[in-house]
Amino acid sequence: MLGSARLRPCKAQPKASPQSASLRSLTLAALALPGLVALPAYAADEDSVDFQYSHYQEGKRDVYGLIYNVDTQLNSVAKLPNHLKPIEVDSLHGSAKITLTDRAKLQVNYTQDTWSGATPVSTAPITIGGNRPQYKDVNPNSINHILTGASPLVGDLQGLYFDQNLNPLQLAGYDPDTGQAVVIPASKKNNDKLVHTMGTASPETRKQIDFKYSYEWDEAGVDAGAGLSVEKDYKSRFLNLAGHLDFNQKLTTLNFGFNYANSDTSAKLDPDSLQFYSTDNYDNSYYDFVEIDADGNDVWKILPKKPLVSAGEVETTYDLKTLQKTSAKLLGNRQDWSAQLGVTQILNKDALVEFNMGYTRSAGYLGNPYKLVTLISINPSTAELSSNEVLPIYGSAMTLLEIRPDERNQFNWNLGYKQYINTFNAALHLDYRYSHDDWGIKAHTIQADWTQPLGASWTVTPHLRYYSQSSADFYLPYIKTVQVYDADTSEAVASPLNRAMPKYYSSDQRLSGFGTLSGGLIVNKQFNKGVSLETGLEYYTHKGSLKLGGGGEADFADYDYWTANIALKVDLDKIASLGHSDVAYSALDSRHDHSEHSHHASHAPAGVMFDHVLSNAGDFMVGYRYVRNKQAGGMLHGNNSVNDNTVRLAGCGGKECAVTPDDMTMNMHMLDLMYAPTDWLTLMVMPQWVDMEMNMTPLTVAQTTGHNHGGAVHSHQTGGLGDTGVYGIFKLIDQPTSHLNLSLGVTAPTGDVDVMLRKTNTVPKGTLIHYGMQHGSGTWDLNPSLTYTEESNKFSWGAQVTGTKRLEKRNKSNYALGDIFQSSIWGGYQWANWLTSTVRGVYTSQGSIHGAYPPLISESTGLPLGTQHVGPVDQPKNYGGQFLDVGLGLNLGTIAGSQLSAEWLQPVKTDFNGYQLKRKGSLAVNWNIAF
Amino acid sequence: MKYNKQALIVLLMALGINLSGCTHVEPWQRGNLAKPHMALDPNPMQSTLRNHTYSSREAASSGSSASGGGCGCY
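Protein chains in written order, with this note's numbering: chain X, 1 to 931; chain H, 1001 to 1074.
Treat each hint with caution, since some may be false.
On the chain H side, residues computed to face chain X include the following (Cβ under 7 Å) [to be verified]:
{"hint": "1", "residue": "Val1025"}
{"hint": "2", "residue": "Asn1032"}
{"hint": "3", "residue": "Glu1058"}
{"hint": "4", "residue": "Ala1060"}
Residues on chain H that point at chain X, a partial pick, calculated with CB under 7 Å [to be verified]:
{"hint": "5", "residue": "Met1038"}
{"hint": "6", "residue": "Asn1051"}
{"hint": "7", "residue": "Ala1059"}
{"hint": "8", "residue": "Gly1070"}
For the record, the hints were derived by calculation from the structure and aren't laboratory data. Backbone N, C-alpha and C define an ideal beta-carbon position, used for all residues, glycine too.
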């Protein structure tokens, strides 16, 4: 906060000649010093727009299981083939800071993360069989199995044998004569090795938007902010207030802050494993026997009950015929309050120190709804214990939802020290943080950053971080309870062996004792025109053995990850100031019409690309495009509405459809970067990010005939980096009022086409998600387009033909999207300098998908399992069609030198290939700034 | 109380540095302090991103649990 103030260029800067850029920046820095000029020391950053993309990739974890050895007739520990994709997260971040008045600023941030992959669900001794080896039979009668993978099991586990000291033993088999368990002695290693059972998740997307309003006085300032974070299973709203006061000629600054968050969990528990673990502690209902009806069937009813836990509850639906759970949802609410107080002190002309303390109180459901705990209940009878000491003791296994305390009080202490190193013109930042809470977690963090400016506006920052935490009091990799019963009366007896069930328990490795070591590099390049690029790379390793003072969790919980990111920052103030000086210095040369030319470009509707080129060699443009597309409201076959029953019988190419889509939403975020190497050519690079959500309803005879969507709606989400376009736009005609542009480009297949849905009981390997929800085309595509624009007085019009030709026959998932042809014609009227409205007609034709996903192969038989999925959206024939749309748009003139436009495309005519969801229209928003 | 003792040590260290190391720095002597890399957080986007990841992987880094960031429950 303090530092950012110093970056702020002084508004009343003297005009410096272009040659003395370094001198000018030094002067700027000096002028912005706290206390030197009457400048608010804590003013927010310059007006700017930032974009950042980052990727998180976890390393693959080792999965261990027991393999039966035919020769020794014993199980042995082995590493199993792991087909599970580790966790991956794609994050997109955009923010804008704008000046409202001299002292007031507004900042808006938008963040979206999509994650998917495998994560630990529970932990247990290896002998319990949490990872069952999968084999492929070469010959079903032979014993030469080929190990192909591991199937994770969270329930239905075999029990476990223990010795007299309750060390786990490995079961070798049963004595054929006595029927007694034969075990491998505890002295053999690996009996007590712990393993994770991993669960996989289909992609899920979180979106967060937050605002911050800042107001500055000469020696004080306040920030007030609010935000919302939404994901399928978690919604969080938050408020914050922060402020600062400067003292002592701004050598000392006092900071304070308050935050409040209110968050709801609404987590759908995996229906496949519901039968295998207990949610008893959280259940808010149960079923009870009522009577035997006239036909002799049992009648059951569902009754409410109070959950045993104090926070969180599980809402379950049952099939009262089979008494099976059909679905369950964990509901919970938490509130977090935090307060911070800190002081920043300038020590000398090269060093400053900051000290902050914080307190956070959390209350409510603080658990992780997807983490389970293995419970082993040991019931040794007194008789067994006394009479035969060599008999192994049996413990039965079950799996439970974790229970955490419903309150947490956490304290943080931070000490930061910044030292300027004159010799290298570098800055050393050292930070230490100590944190402790009433869960028993004590953590130390130490971090060092070295920021080294190099020549030509390059800066590199290597950083190193070490973190260590002790485990929470209630963390247990798994629970062993012992209750000794009297053999005759079957009643519990007091015994020194007794171990009660703990009140709170969690096997989440985040609550275990461990240490982490991470390091990385940030590289920043500042370009002259107010644009800077930044990229960062970090590697992180989590190990039980890295815990400070030892005693961390064993190595089964170790993992690592790396993150990479790239960011673009646009300094609007600097662009504005450069723009003005250009005009001032070269009023007579051709640059004068630069702004008018850009202005001219604003006449095309927001949904049109390639109409806009840069005027002069050396010009840049940075833009952002957003497109939202929605389909909903029933199915069409060609251009005719069809009911669910027709879809069920005819929508899936000869097979019966099991689901039909209810709605699908797609969002595209695109960066529009342009540079003109010569006057007649503009180069354009367009990376894009996509996210989609589709809701589906099961189709059964009963439901479709009754037209009643009674089944459980399920939804699929996905998102991440899409395809990247690279284009060259040539000016064929460049007259003052008429322009003809030819654009040639390719899109590179940077978007994934192998996004999978999670594994289920029916599809143990997971399936590829619907074609329309993959992130890209997977093929190199050619994109030519021809655009003509003309204007006369307040009227303007234009026309465009554009197409997409797939340059490859198949992508790596064995299909190719259809080619696209599109033509548009539009007209605009300029109502005022800053406002133009547009009308557009668009015709689009797209072919259906060629090829298809490879068929699923059964792991055990090696034979095809039939086609993937079960809905019309999984049929290649049900893609593409011919469409007519009418667009209505508004273009807003220059806001701080930039342009903003929006267009709504309303479908007028639709003729789909096959069976598809009705089109609801699409919204395009376009912002750009040229400089 | 162990916590309080540790906290006290940290606090005294902070105060110690503040009081002993303090010299008067005139406004025109603050050129080095004003450099971008001497900012309290020279790379705010990077640190936001990193802290978000840390807080979803570590128990004690969620000092921001009251300021958004989502569940991180995987």
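Results for each hint:
Because the beta carbon of Val1025 of chain H sits about 5 Å from the nearest beta carbon in chain X, less than 7 Å, this interface hint is met. Annotation: interface hint on Asn1032 of chain H holds; nearest CB of chain X at approximately 4 Å, less than 7 Å. Against a cut-off of 7 Å between C-beta atoms, the interface hint on Glu1058 of chain H holds, since the closest Cβ of chain X lies about 6 Å away. Because the smallest distance between the Cβ of Ala1060 of chain H and any Cβ of chain X comes to about 3 Å, under 7 Å, the interface hint for this residue holds.
Because the smallest distance between the Cβ of Met1038 of chain H and any Cβ of chain X comes to about 5 Å, under 7 Å, the interface hint for this residue holds. Here the hint on Asn1051 of chain H is broken, as its CB sits about 11 Å from the closest CB of chain X, past 7 Å. Given the 7 Å rule on beta carbons, the hint for Ala1059 of chain H holds: about 5 Å separates it from the nearest Cβ of chain X. The criterion of a C-beta within 7 Å of any C-beta in chain X is met by Gly1070 of chain H, whose closest approach is roughly 5 Å, and the hint holds.
Against the hints set out earlier in the document, a violation occurs for number 6 only.
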